[in-house]
Every structure is written in C-alpha cells, then in structure tokens.
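Number of protein chains: 2
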Amino acid sequence: MQNFTYSNPTRVVFGRDTIKRIGLEIRQQSIQKVLLLYGRASIFENGVYKAVTASLNEQGVEFIELGGIQPNPLLSKVREAISLARQHQVQGILAVGGGSVIDSAKAVALGVHYQGEVWDFFENRVRAKAALPVFTVLTLSATGSEMNQFAVITKEDEQKKWSISSPLLYPRVSIIDPLAQTSLSSQQTVNGAVDALSHIFEYYFDGLEDTDLQDEIAEGIIRTIIRHVKILVAQPSNYESRAQLAWCAAMALNGTVGIGHKGGDWASHSIEHSLSALYDIDHGRGLAVIMPAWMRYVSAVDYTKFERLAERVFNIYDIDAETKSLEAIISLRDLYLRLGAPVTLRELGIPYADLERIADNATIEAPLGTFKKLFRGDVLEILKLAY
Amino acid sequence: MQNFTYSNPTRVVFGRDTIKRIGLEIRQQSIQKVLLLYGRASIFENGVYKAVTASLNEQGVEFIELGGIQPNPLLSKVREAISLARQHQVQGILAVGGGSVIDSAKAVALGVHYQGEVWDFFENRVRAKAALPVFTVLTLSATGSEMNQFAVITKEDEQKKWSISSPLLYPRVSIIDPLAQTSLSSQQTVNGAVDALSHIFEYYFDGLEDTDLQDEIAEGIIRTIIRHVKILVAQPSNYESRAQLAWCAAMALNGTVGIGHKGGDWASHSIEHSLSALYDIDHGRGLAVIMPAWMRYVSAVDYTKFERLAERVFNIYDIDAETKSLEAIISLRDLYLRLGAPVTLRELGIPYADLERIADNATIEAPLGTFKKLFRGDVLEILKLAY
Chain A
1 MQNFTYSNPT
11 RVVFGRDTIK
21 RIGLEIRQQS
31 IQKVLLLYGR
41 ASIFENGVYK
51 AVTASLNEQG
61 VEFIELGGIQ
71 PNPLLSKVRE
81 AISLARQHQV
91 QGILAVGGGS
101 VIDSAKAVAL
111 GVHYQGEVWD
121 FFENRVRAKA
131 ALPVFTVLTL
141 SATGSEMNQF
151 AVITKEDEQK
161 KWSISSPLLY
171 PRVSIIDPLA
181 QTSLSSQQTV
191 NGAVDALSHI
201 FEYYFDGLED
211 TDLQDEIAEG
221 IIRTIIRHVK
231 ILVAQPSNYE
241 SRAQLAWCAA
251 MALNGTVGIG
261 HKGGDWASHS
271 IEHSLSALYD
281 IDHGRGLAVI
291 MPAWMRYVSA
301 VDYTKFERLA
311 ERVFNIYDID
321 AETKSLEAII
331 SLRDLYLRLG
341 APVTLRELGI
351 PYADLERIAD
361 NATIEAPLGT
371 FKKLFRGDVL
381 EILKLAY
Chain B
1 MQNFTYSNPT
11 RVVFGRDTIK
21 RIGLEIRQQS
31 IQKVLLLYGR
41 ASIFENGVYK
51 AVTASLNEQG
61 VEFIELGGIQ
71 PNPLLSKVRE
81 AISLARQHQV
91 QGILAVGGGS
101 VIDSAKAVAL
111 GVHYQGEVWD
121 FFENRVRAKA
131 ALPVFTVLTL
141 SATGSEMNQF
151 AVITKEDEQK
161 KWSISSPLLY
171 PRVSIIDPLA
181 QTSLSSQQTV
191 NGAVDALSHI
201 FEYYFDGLED
211 TDLQDEIAEG
221 IIRTIIRHVK
231 ILVAQPSNYE
241 SRAQLAWCAA
251 MALNGTVGIG
261 HKGGDWASHS
271 IEHSLSALYD
281 IDHGRGLAVI
291 MPAWMRYVSA
301 VDYTKFERLA
311 ERVFNIYDID
321 AETKSLEAII
331 SLRDLYLRLG
341 APVTLRELGI
351 PYADLERIAD
361 NATIEAPLGT
371 FKKLFRGDVL
381 EILKLAY
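In the order they appear, the protein sequences are chains A and B.
All the letters of the first sequence, read from the start, carry residue numbers 1 to 387 under my numbering.
All the letters of the second sequence, read from the start, carry residue numbers 1 to 387 under my numbering.
Be aware that one or more of the hints could be misleading.
Same chains, same label: a pair holds when it works inside one copy or across any pair of copies.
Claimed, not checked - Lysine to aspartate or glutamate pairs mimicking EDC-like chemistry, simulated, CA-CA at most 20 Å apart:
1) Lys-230 - Asp-210
2) Lys-230 - Glu-117
3) Lys-230 - Glu-219
4) Lys-384 - Asp-17
5) Lys-33 - Asp-302
6) Lys-160 - Glu-240
7) Lys-160 - Glu-311
8) Lys-33 - Glu-209
9) Lys-262 - Asp-17
10) Lys-50 - Glu-240
11) Lys-230 - Asp-360
Treat the hints as calculated values from the structure; they're not laboratory data.
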C-alpha cells in the first residue's frame, strides 16, 4: 500500500426529511448570511427549494440567491456569483443541486477571497489559501462533490473543462436526502450511476498493486450500484435503492476507494471532459461511451485487474485472461446499453470528422493516465473505438 | 438505510516511516507540551520510543511521560495521568501504543477538564463537554481507537470494564506506521485481527435490514483480514500484510461499517468485557471464545445474515439455511483455532463454577444486544456453549 494521509472533514447528514435541518446546520457554524446557488426549475417542482428556504427562514439565516447554473457549469456564471457574494458580504455558499451546482459553489467559495481571476486556480497558477465554507443540499447523486475536495468548471471561451483539488473545498456540511431524488428521470439516475462507477474504475484500473482492501471495497460499491440502478430504472421512487445509490456515489469519491493509491488514472475523465467542453454533453453519458472504449484500448497492458472485475462483478470464470477481460468490458458496455445509456460517440451526435479536434482538446496536458500513458495518437484510437 | 449523521475528523498519516512526523503534526496544531503515555517495554525495543521522542525534540514539543499502562487499562492509572497532566499543564495527550494506551489517553483528555471523577462519564452521569486533543502513534492494530470516538476503561475495584463514546474523543491526528507492528508476536497479531473482525460482526449481525453497501464493505474487510492475518502468522514482517491488516482494523470501527445501522449489537463485547474485568484476559482472546458461541446461540432467530456470511466469506453454498449458518459459524471457529486463538473458556483457565458470576457481571445493564435481546439466563447459556 502506498503511504497516505487521509482526512475528510465533511459532516454528512443523510436520510429522509433531513433537508429541513439545513438552516440549523448553517447557524450552528455561526453563519448568518449565505449565497444560495441552484440550477434549473426542478427544485421548485419537487419541493426542495421550499424546504430549504423555510429552514433558512426559521433559523434566521439570511440568503441571496442565484439560479441558472447549468450542467457542465460555466466560469462566467461562477464569476457572476462571486460578484454577488462579495457585494452582499455572505459568509458561506449554499449549493442546492447536483455536482454542477456544488462545484460552482466551491469555485465561488475560493474566488471570493482571491483578488485575481478564479480560473488561475484551475490553471495551477496559484494555490488556494482560503475559502468560504460550502454547504450542500444534494439533489442528484453522481459526482461525489458533496463529500470531496474537487470541483470541475468549464471555461467556455477556451473550451476547457478543468478541475481543481484543495482540502479547503470539502463541504462543511452536506445534506443527502434520498427523497429529493425520487423525481429524477431514469436518464439522470443512470448518468449518476455511470459517473459514480467511473470514479471507482479510475482508481481500480490505475495500474497499482497492493490495494487489496481498496479493491474489495471498490468491488462492493460497484456491485451495489449495479443492483440498485437496475431497480431504480424500473421503480424510480424506491427509497431504499435511492439511499443505496446515493451513499455509493458519495463513497465512490470521498477518499475511501482512493486511499493507498497514487491519485488514480483519470484518462477517461480527461477525454470525457473534452466532449463536455466541446459539445456540452452530459458527463455521465460521455463516460458511458468513453470508459469501456478506454478499457478495450488499454487492457492488454495487464489483464490482472480486468480478470478480477470479470470474476467478482460479472461472475465470469474459466476462460483465458484475454477473453475474460474482454468479456468483463463487454458486460459493462451491455449493462450501460440495458440501462439506456449511450455507448457510442455516434449516438451522442458527434461527427466522425471531429475526432481529431477532440483528441487535440483532450491532450493539451498530455500524457494522460497512469495504467497506460496516453498521447494524442492513443486518444484518437480510443475515440475511434468509441465511435 | 437508517438516517445517519457522519463526520470523522481524525487525520490519519499512514505508511512507512511516518512516525517521525509526529512532532510536526503536533506543532502544526499549535501545541507546545504533551503528556506522552505508553504501555510496556516494547516501544523501547522496537525503536518507536526513540523515533517519537526524537521527532518531538526536533520540533521543540515538550513532553512529560508516563508508562506502564496495561492491557485492559485501569482507571487508577488514568487518574494518575490526569494529575500529571494537570500538574504540568499539558495541552494535549500523545498515546504511543495500542488500544489500551489510546483509550487511556482519551479518558485522560476528558478528565483533565472535568472537576469531578472521570468515571462519571462511563456511568453516563455527565456528558463530555471538553477534552484535550489526543494524538496517537499506533503500535498494535486491533481496537480501531486510533480513528474513532470510543474508549474502554476498567474500574478495578468494582470489576467494571465499561465504555464511553463522544465526538470529542476522535484523535486529532493518528500515525499508523505498519513497520512499528512487524515485531509483534503471532498471538498479538491474531488478537488484533479477532478484535477487528468482531467489530464488524457487531454491526453485520445486528438484525437490521437495508444495509446493502455496508454489508458489502463489511464482507470485503472480513475477507481481507482473513487473508492477511494468515500470511502474518507465517511471515510476521510482511509489510504489505501489516499495512492491509492495519487499515482493515481502522476501517472496521471508524464509522464506515456502522453507517446506516442503529449502533450495532455489542452483546458479545459486553460479555467479553466481563471476562477481561474479572480475569484480565486479553480482549481479542476473549472475543475469539465468546463471539462464535454467541452466534451459535442466536443464529436461529434469523439465518439470513449467517447464510450470507457462509456464501460470501466461506464459499459455502447449496445446503439448507440452518446447516449453512452452522457451517459458517464452525468455519469461523476453525479459523480461530488454526490461527492459534483460544475457542473455549476452559482454555482461558476459567473455572466452570464461575459462569454464574460472569453472567451476573455481564448483565448489570441487561438486556444486551439487538439481534436477540439477552438476559442473564441467555448469557449463561452462551457461556456454557463457550466452555
């Protein structure tokens, strides 16, 4: 096992009817005024906005609000929110939504205290030194942002969808109420599950050895996600499966799986981020296409882990390493197909002629990955496999 | 899944040669003076004492020291340490040792700030409101105390081995260097593994449903412990297995497995605590005897989870529920036998005539457990099965 330091300070409040506690949680941190960020109209339809604002009012927490944060959240919106946060001198940011809203809140939390351009953090030009506390009320389990130190933002004029990591970005408190997710569409649910699975795969297939417990836990989360996303496609309002999927998504990227690794592979994420940046494609749908293609391209480097996935997740035994590995990858792709996720770039409406351009965008900071170091030519091959 | 709140603030520094960082970790918390607690001579023999004190000196952290804390740590020693901590006005407690030293440090950390008798916390007469920060350098992975909010102390004059739980008791920083454990005896290693396994079982067999992910993770930790403790009995200095076992023991009781449960069963622990209190038996040895006997006594209440253990840990399939459950329990007992752990009270040197007295001690606060509520008569039957 690699040496590691681990500390996850986020306080998670999980379960039925927990949203009404958000006001108290904020007030207990001695915070009187927050910027409330959200995305689209859904939180008005499912009662989440009402529950949140009622709780804030009840506890006397003032709030300014800004809606309209979109999936693949934009830097321009982050800048708008930073101005608003400064103007109203808020003491914290409250994200009510999924990963895009939470990631925006994190970027705002950093930007408020920084006199330069917040994108500097994403370009690694400066290191984060202070941030406002972030609170979250999660409405879509997928990115794990509710319990981690990451944020991903798109700088639209340069078509860069890039990420940042800082211990300052762990949310102070995250409310995860699975009831808030029972009105999600099948597609949103599946996208979330694919995203969570992909986070696990990024560590599982990073080429490291001596990660025995981490692999056991990774496989346990993978099996649990697969069981419950299948249930949810048929029964969207099944509370227990919503709860299981929600906790799986948080655990997939809260450090538990990555402990003792060296940071993961993340090549598939980098490639997908280019799809999202260039075509505004939903991250989960992009990953459903890219990750199995990446697996097909790299598996021959070392079949060990692919064989293990075949056995422990898909119950495939008694064939040679290469075939077993391929069967595991096909089983994953078949699963995505059955769940209604896209598995080809063609389905995403991307012209074949664009593959070169995507490869360019994805390899601005090449090489990608650790399992196999990928350069522009490799990425192009993966995109062709995915087409 | 049950509603839960989760927050584990302990910072873990894990891996080879991490002990030398203890001074810096303490100084970074703005602490100038600590009480250094330890147990027996082993830390002088394996170089841990030297590495710790060198690091403290290097960072200019003053320390007062007190050794001689014994397994099943005593309240009298805790009182002695509290006096010393007050007299020297230390700002933190540094535990260098296993669970007994860490638990003592936690009790001291609470006691320093409390004007009454520290045992009041264990009798639930008062609630903890403040504690000094606790730092740990772990030398024996077993109790999980390095990453949780629990402490267990023995009040010798009343023969009570009782526990306390408070969020104030999470260590501030814990150093887990598997190299510090390569000189442990096979018996100490096995005791630690049995303790960690028992912590998982206390949640796994608590009678709750809808704990799918938690069960997957529990089974993953169980399988990993079994694999690596077997290796360590043959190769005590195998670093990777030391690392895996160490991380398993921390994960077994750091909240991960217990999330979404209702606090666990803990009847077997209560019974074992009576053995430790009355006969000063090592906790891990007592659990190796009691837990399989408890399983035999209660399994007929509901075979579901015992069947699951049979399949997922011991690869036992294709027989009826009762037989499969019994086979799982026998497999666990056989494992303990093969590892050299005791499996009967007789081997622990306990007279048969004492069983009534043990049952009395264990049921001061009856009923015990949640899977099956146990009264004095039930405990006596379990003790007879264990004899």
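These are the hints, each one checked on the structure:
Taking the shortest alpha-carbon separations for Lys-230 and Asp-210, only the inter-copy value of 16 Å comes in at or below 20 Å, while the best intra-copy value is 32 Å. In this assembly of identical chains, Lys-230 and Glu-117 lie within 20 Å of each other by CA distance neither inside one copy nor across copies; the values are 43 Å within and 56 Å between. Only within a single protomer do Lys-230 and Glu-219 lie at most 20 Å apart by alpha-carbon distance; the minimum there is 17 Å, versus 22 Å between protomers. In the homo-oligomer, the alpha carbons of Lys-384 and Asp-17 never lie at most 20 Å apart, since the shortest distance is 46 Å inside one protomer and 46 Å across protomers.
For the homomeric pair Lys-33 and Asp-302, neither the shortest alpha-carbon distance inside one copy (53 Å) nor that between copies (51 Å) is at most 20 Å. For a Cα distance limit of 20 Å, the shortest separation of Lys-160 from Glu-240 qualifies neither inside one copy, at 38 Å, nor across copies, at 40 Å. In this homomeric assembly, Lys-160 and Glu-311 never come within 20 Å of each other (Cα to Cα): the closest approach is 38 Å inside a single copy and 48 Å across copies. For the identical chains of this complex, Lys-33 and Glu-209 are neighbours neither inside a copy (47 Å) nor across copies (40 Å), given an alpha-carbon limit of 20 Å.
Taking the closest pair of Cα atoms, Lys-262 and Asp-17 come within 20 Å of each other only across two copies (18 Å); inside a single copy the shortest separation is 38 Å, beyond that limit. With identical chains, the CA atoms of Lys-50 and Glu-240 are never at most 20 Å apart, being 24 Å at best within one copy and 52 Å at best between copies. For the identical chains of this complex, Lys-230 and Asp-360 are neighbours neither inside a copy (36 Å) nor across copies (50 Å), given an alpha-carbon limit of 20 Å.
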